[in-house]
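Protein chains in written order, with my numbering: chain A, 4 to 334; chain B, 4 to 334; chain C, 4 to 334.
Do not take every clue at face value.
Any copy, or any two copies together, can satisfy a pair, since identical chains are not distinguished.
[Said to hold, decoys possible] DMTMM-like, lysine to aspartate or glutamate: derived pairs with alpha carbons at most 25 angstroms apart:
#1 89 to 57
#2 127 to 297
#3 232 to 126
#4 39 to 300
#5 127 to 15
#6 127 to 20
#7 39 to 126
#8 89 to 21
#9 232 to 215
#10 274 to 199
#11 172 to 160
#12 89 to 300
#13 127 to 301
#14 89 to 301
#15 89 to 297
#16 172 to 239
Hints listed in this document are in silico derivations from the structure and should not be mistaken for laboratory results.
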Amino acid sequence: MNWTRRHILSLEDFTLEEYNAVLQTAASFREVLSRKTKKVPALQGQVVANMFFEPSTRTRSSFELAAKRLSADILNFSPGSSSLTKGETILDTAKTYLAMGANIMTIRHKQAGVPQIIAAEMDKLNSGVSILNAGDGLHQHPSQGLLDLFTITSVLDRESPCVELLSGKKIAIVGDILHSRVARSNIYSLTAAGAEVHLCAPPTLLPKLFLDTVNQQAAGNLYIHWQLKPALTKADFVMTLRLQKERMQGNFIPSLREYHQLYGITRDRLKMCNPTVRVLHPGPVNRGVEITSEVMDDQGLSLIPQQVTSGVSVRMALLYLIGNSSNNSLN
Amino acid sequence: MNWTRRHILSLEDFTLEEYNAVLQTAASFREVLSRKTKKVPALQGQVVANMFFEPSTRTRSSFELAAKRLSADILNFSPGSSSLTKGETILDTAKTYLAMGANIMTIRHKQAGVPQIIAAEMDKLNSGVSILNAGDGLHQHPSQGLLDLFTITSVLDRESPCVELLSGKKIAIVGDILHSRVARSNIYSLTAAGAEVHLCAPPTLLPKLFLDTVNQQAAGNLYIHWQLKPALTKADFVMTLRLQKERMQGNFIPSLREYHQLYGITRDRLKMCNPTVRVLHPGPVNRGVEITSEVMDDQGLSLIPQQVTSGVSVRMALLYLIGNSSNNSLN
Amino acid sequence: MNWTRRHILSLEDFTLEEYNAVLQTAASFREVLSRKTKKVPALQGQVVANMFFEPSTRTRSSFELAAKRLSADILNFSPGSSSLTKGETILDTAKTYLAMGANIMTIRHKQAGVPQIIAAEMDKLNSGVSILNAGDGLHQHPSQGLLDLFTITSVLDRESPCVELLSGKKIAIVGDILHSRVARSNIYSLTAAGAEVHLCAPPTLLPKLFLDTVNQQAAGNLYIHWQLKPALTKADFVMTLRLQKERMQGNFIPSLREYHQLYGITRDRLKMCNPTVRVLHPGPVNRGVEITSEVMDDQGLSLIPQQVTSGVSVRMALLYLIGNSSNNSLN
């Protein structure tokens, strides 16, 4: 297919063709990464600015490595020592990186919508710059959604991962749905792919209002459960989500121990699933809360390392696809 | 010309030949940056140590990108986790980077004179290392002065920017002159170039003592005003300076609002200037204080993005010119 | 020799052949660094993850430059913004970098044993990853020990440094032995090389218990002194150690001034040594405490800059030697 999308802000309106283009490109980069020379000159001369207003080691490292392997030049923005503290607006900070020659900006911000606003401004300026949302508040984390999709479809067909492989598969997403941008991105991609998606969380973390909203997007493929059993029964994949310890202060859950007793993924509970079930988690994991150490360390069950490995291939694919369409008009 | 200056510490004693060498070299790097392959091997094998004792995202990123495009290896010093907190002197820190193989050190420090002291020590050791002052206290910020000069002269002749183009031009510098190392650097370069430089600020930010000092350097070309009108009238360029919000605590200005009313650059006030007037600001900008958003976002008026873009070309030029003269004697 | 050691965790069990392999490889990289093109493609496509849980500018910069000159890709982990604060275990953090494709991890941690635990886990997973201990608590700092060895043996024979050169040499180690991982590493390498090692410190910083432990490892070559004179008399090399100012709070020493009076290295005291004596210090130095400025700045006496310079060559050698044996099984 001919890739035309300039920014990757959300999976809400991704087409099946776009999902498959990402999966196929990522598969070809996985092949590149298995070679001795892991670098391709695809983004030579281009500048990728990693603008993580909300700090992150894991995702930033993954983007950084992906950009390096495409031979891009990288600028890392560090909010602590930045102009923001001196009264500059976020848009002006982004415009400064534009003027410096950035072609792609990966943006993480604790407020939902910041990458969208920057993308709109970049377009208004005819800058040619591409924005990649690396996580905005509780809204979206599209590269995580796509690496989960790549990880799952690669289990089903490592050579030719594609969304069609998910048709009819049952996927449970268990955990703090309410506060998870990862869940929001995955709901779009998995239901679009034709999977049955079963959300499971305590009522405080999976409110009625949330369901009304997403159900409109994913009619027919989305189910909700406040108990684990119906979600896990015959599931092909179980995606667990991080439980942020701060949530306990918000009275969302009575205690981590009680959460684990009701919703923690154990080897025993996985027996309800399809025998080939595999477990995912976006990390960082609270061992013994969302998932037992036994499950996490069982290489036959856990896909967690594969998710991290997929992250580099998928982010190479995203930077490559939007990089070819991007062209900083100032250069 | 044959470039012989090893360190770039201040514009105080720059010759016209040196200004023009920087402008011409920067123009040729601007041409390189417009190509698909933006890298030249000029500093291959050389180490540029960015030693920003005072944090900065903008200037450090600009130096970093410039060094990358010259194929240098880069070491970023982070003061937070440094040996300085363990009792090491700044000179010993610099000597450690020298021993590690640094060829060029870009140095920012909140105390005036630190780059000069390090440069003197490097010379005493016959190290061959070059020091580039990236901003020292209230003293000098030569690379900013040179990128402003490059931006202005490029407006007048993009192909062949040179200082002679500024002869007889009127340039207003408006804002917190007292606390601005940018203003100090620009005063030297612009008056040397034969421009008429009109400083304008409230009396608290432009004291008599300051004028006595700089006037000795720039006799005949420097004018002072405590009101905006005579500074702006028939001006060809208006350079605005950042007003640090901390200044309000020092009682230098009664309020940001009153400052803006008296000294803020608006579209209306710019009508006093030459019709081809262009506006500069070193950033980060406090929108609505030094300058209105309307002026800042008018691409026909504002040169702010061009200043940032020029920064990369000018810093490439500076690193290139001193890099060719530098040769770490330890290697 | 055929290098087979995958991890470099401690010098405790290094063989003479291994010491000499490091010294010879470092000497050949020193020769590379004297050329105009300082890069070799030895680690092209490999990822070096610098995981400094305890911050350090000096050692991290040295490892970073060494890795760059071997053409490796580098990931810098910054603990401040890391997943550790979100409840992830250190082992899971290391496994994340493994999954991202790291081939070598350099690890610094304030707790002794962390690099060992990570190395054991990497082996258990058959990951093929190499761990390089960049300083663990009070335990070991092998790359510092090896760069000291390289510095000393290079004084004796710059072309062909080898451990045999140290046979019968007298080396004094003066300072805070108790809290020094540098001393612990040096004791192993120097006694193995056949040098006479004389430790000297106040009794609080050189307790009986410490001696009993190390004496078992280095029987016959290790001597202890609570006074400076017998340690310095006829010494060929004097290694001074950093006195951390925090130690004063622990009542280990009465005052920095008194410490300097009893144990500080002055030009006068060095007259007791062999006339060709040279002085080392791992840095950062408290001038006037462990050593006078006069001694430190005398290029005929001080080897401190050579130690820093050696650091890059020795770390290139270590990364090269273990890099050739490492092969991330996920790639």
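Task: Homomeric proximity label, residue 127 with residue 301: Cα distance no greater than 25 angstroms - done: between (50 angstroms within a copy, 13 angstroms between copies)
- [ ] Tell me, please, which holds for residue 232 and residue 126 at an alpha-carbon limit of 25 angstroms: within, between, both or neither?
- [x] Answer is neither; intra-copy 47 angstroms and inter-copy 37 angstroms both fail.
Open item on the list: I want to check one pair: residue 39 and residue 126. Are their C-alpha atoms no more than 25 angstroms apart within a copy, between two copies, both, or neither?
Closed with: Between copies only: 22 angstroms across chains, 39 angstroms inside a chain, cut-off 25 angstroms.
- [ ] Indicate which option fits the pair residue 232, residue 215 if close means a Cα-Cα distance not exceeding 25 angstroms: within, between, both or neither.
- [x] Answer is within: at 22 angstroms inside a copy they meet the 25 angstroms cutoff, but 61 angstroms across does not.
TODO: Indicate which option fits the pair residue 89, residue 57 if close means a Cα-Cα distance not exceeding 25 angstroms: within, between, both or neither.
DONE: Both, since 17 angstroms and 13 angstroms are each at most 25 angstroms.
TODO: At 25 angstroms max between alpha carbons, let me know whether residue 89 reaches residue 297 within a copy, between copies, both or neither.
DONE: Between copies, since 20 angstroms is at most 25 angstroms while 48 angstroms is not.
Open item on the list: Treating 25 angstroms as the Cα threshold, decide for residue 127 and residue 20: within, between, both or neither.
Closed with: neither (27 angstroms within a copy, 41 angstroms between copies)
Open item on the list: One pair to classify: residue 89 and residue 301, alpha carbons no more than 25 angstroms apart. Within, between, both, or neither?
Closed with: Intra 49 angstroms, inter 23 angstroms, cutoff 25 angstroms: inter-copy only.
Task: Within, between, both or neither: residue 127, residue 15 at alpha-carbon 25 angstroms - done: Only inside one copy: residue 127 and residue 15 sit 22 angstroms apart there, 41 angstroms across copies, limit 25 angstroms.
Task: Within, between, both or neither, where residue 274 and residue 199 count as close if Cα-Cα is 25 angstroms or less - done: within (19 angstroms within a copy, 65 angstroms between copies)
TODO: Give the relationship of residue 172 and residue 239 under a CA distance limit of 25 angstroms: within one copy only, between copies only, both, or neither.
DONE: within (6 angstroms within a copy, 69 angstroms between copies)
Open item on the list: For residue 89 and residue 300, with the copy left unspecified, which applies at a CA distance of at most 25 angstroms: within, between, both, or neither?
Closed with: Between copies only: 19 angstroms across chains, 46 angstroms inside a chain, cut-off 25 angstroms.
Hints 3, 4, 6, 8, counting from the list given before, are not met by this structure.
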